[in-house]
Amino acid sequence: MDPIASARIAPVLHLATPRGSTVTPHEQPPGRPGIQAGQSASGGSESSAAHSRSGSFGPLDGRASNPTSAGSQYSALSFASQFGIGSRPQGTPDPASAVGSIYSERSEGGVGMEREGSLHGLEAFDKLAIDKATAADVEDLDVDGWRIASMQNRIIELGGLGEGAGGAVTRCQLKGGKTVFALKIITANPDPDVKKQILRELMFNRNCASEHICRYYGAFEDEANATISIAMEFCEGGSLDSIYKEVKKLGGRTGEKVLGKIAEGVLRGLTYLHSQKIIHRDIKPSNILLCRNGDVKLCDFGVSGDFGTKGEANTFIGTSYYMAPERITGQSYTITSDVWSTGVALLEVAQHRFPFPADGTEMAPRAGLIDLLTYIVRQPIPKLKDEPAAQIFWSDNFKYFIECCLEKEPTRRASPWRMLEHPWMVDMRSKRVNMTRYLSQVWGWDNKGEATAPS
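Numbering (full-length UniProt numbering), first residue to last: 1 to 455.
Since the hints were derived computationally from the structure, they do not count as laboratory data. Where a beta carbon is used, it is the ideal one built from N, C-alpha and C, also for glycine. Treat the hints with care, since some could be wrong.
Claimed, not checked - Below, a list of computed lysine-lysine pairs in the DSS-like style, where the Cα atoms sit at most 25 Å apart:
(1) K245 <-> K195
(2) K399 <-> K383
(3) K249 <-> K383
(4) K277 <-> K196
(5) K383 <-> K408
(6) K383 <-> K431
(7) K127 <-> K175
(8) K132 <-> K175
(9) K385 <-> K408
(10) K408 <-> K277
(11) K431 <-> K385
(12) K178 <-> K127
(13) K385 <-> K248
(14) K132 <-> K245
(15) K385 <-> K249
(16) K245 <-> K383
(17) K383 <-> K248
(18) K132 <-> K178
(19) K127 <-> K245
(20) K277 <-> K195
(21) K408 <-> K431
(22) K248 <-> K399
Claimed, not checked - What follows is a set of in silico ranges between Cβ atoms, one per label pair, in the way DEER data are often shown:
(23) I370 <-> D295: 36 to 44 Å
(24) H352 <-> A129: 17 to 25 Å
(25) E387 <-> G176: 47 to 55 Å
(26) E387 <-> E163: 29 to 37 Å
(27) R378 <-> I130: 24 to 32 Å
(28) R353 <-> G176: 23 to 31 Å
(29) H352 <-> M425: 16 to 24 Å
(30) K127 <-> R353: 55 to 63 Å
(31) E163 <-> G368: 20 to 28 Å
Build the full structure now, drawing on both the sequences and the hints.
So, in structure tokens, the structure goes:
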């Protein structure tokens, strides 16, 4: 029997187990090697999900815990006047146009990140440079190699991966190359200054040295179609958004050990970005990617959203649901805004629905964006709750972790590196997690099958 079909007959991913139980609620399906009875897709026997809170987490002042720039803040996007929720304080710096925002010189003692350059640069290249670009694999191409127009003819499309921020994403390979990569095509703002800023952010991505940041290989511009093609690392496990929705289709639920691994990867990625004077500004399930081995990577900072691409994904509507309250109201914000978004994303995956409204009810049929944003700002934060009817119980520490992420007061919300010290994170790091097995159960992979998870 086809493994995917088998999975849909016998769901296996109900990984949040009853309190005190050592047996998963659903019977394991036949034909999936390596999964024993009573064992979760996270690779170990699921013991009680309930843990007592192991001490206080301490002060939650994210700015004060910043080891590099205590008190540095960032300008928020000034949407307050559009939505009637609040107003940006007088004197707040103009908003940055990038989603992955680089610290301004004013906030970092004159440390600037401006880079000059062109995306296409069709200057004459010598034969040696052209030959090198023609023979190199995607991960070995230098910046000049991507600027050679003939590079476009080397790209072989292997299949679609879905829609990303601002455009389609395709699985590709270069002629003569071995590395499979993801190619995102976005419609570019014709403004030269916007293109310059895109290049600035992409150049930073290229130089990232973190296992938790999706690798960027290069980009080229198609002036005729007003598009920019961006080559990035291909993460076979797909996005967290596609993963949890597939789990939902299977009738399962992702458990704490897997969620702990994902949370750790996100926080480590954010900590690295902050060390490089970057805030992501667009954390959500679709921008959290998993590799086949379970490595967690962040993508789409500095390329999507407010970066001048056309379409809904670049508007306030496209990303606002995961914004921290201080961003919605147009106030200044810090790296802790990304921590809020992380909490919203994890809560969504844990309970299989967007966390707002907090009581699980739907907004009124005629309610719109303004109503939802007003609700997020003014109403109590959502809580991670047990679901006795479904025999789903979460640990006290996990509930506490979500509560800390969703602290409405930004000066009391912890930074990413501080959240890595949270009791739940400390506990989760001590757990053995087989992320490959988890993803195999989600997507129905066998040991030899090729991963085709959507992005």
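Each hint tested on the structure:
| no. | hint | result |
| --- | --- | --- |
| 1 | K245 <-> K195 | violated (34 Å) |
| 2 | K399 <-> K383 | holds (7 Å) |
| 3 | K249 <-> K383 | holds (24 Å) |
| 4 | K277 <-> K196 | holds (19 Å) |
| 5 | K383 <-> K408 | holds (13 Å) |
| 6 | K383 <-> K431 | holds (24 Å) |
| 7 | K127 <-> K175 | holds (19 Å) |
| 8 | K132 <-> K175 | holds (13 Å) |
| 9 | K385 <-> K408 | holds (19 Å) |
| 10 | K408 <-> K277 | holds (23 Å) |
| 11 | K431 <-> K385 | holds (22 Å) |
| 12 | K178 <-> K127 | holds (24 Å) |
| 13 | K385 <-> K248 | holds (18 Å) |
| 14 | K132 <-> K245 | violated (43 Å) |
| 15 | K385 <-> K249 | holds (21 Å) |
| 16 | K245 <-> K383 | holds (21 Å) |
| 17 | K383 <-> K248 | holds (20 Å) |
| 18 | K132 <-> K178 | holds (16 Å) |
| 19 | K127 <-> K245 | violated (49 Å) |
| 20 | K277 <-> K195 | holds (21 Å) |
| 21 | K408 <-> K431 | violated (30 Å) |
| 22 | K248 <-> K399 | holds (21 Å) |
| 23 | I370 <-> D295: 36 to 44 Å | holds (39 Å) |
| 24 | H352 <-> A129: 17 to 25 Å | violated (51 Å) |
| 25 | E387 <-> G176: 47 to 55 Å | holds (52 Å) |
| 26 | E387 <-> E163: 29 to 37 Å | holds (31 Å) |
| 27 | R378 <-> I130: 24 to 32 Å | violated (60 Å) |
| 28 | R353 <-> G176: 23 to 31 Å | violated (46 Å) |
| 29 | H352 <-> M425: 16 to 24 Å | holds (23 Å) |
| 30 | K127 <-> R353: 55 to 63 Å | holds (58 Å) |
| 31 | E163 <-> G368: 20 to 28 Å | holds (23 Å) |
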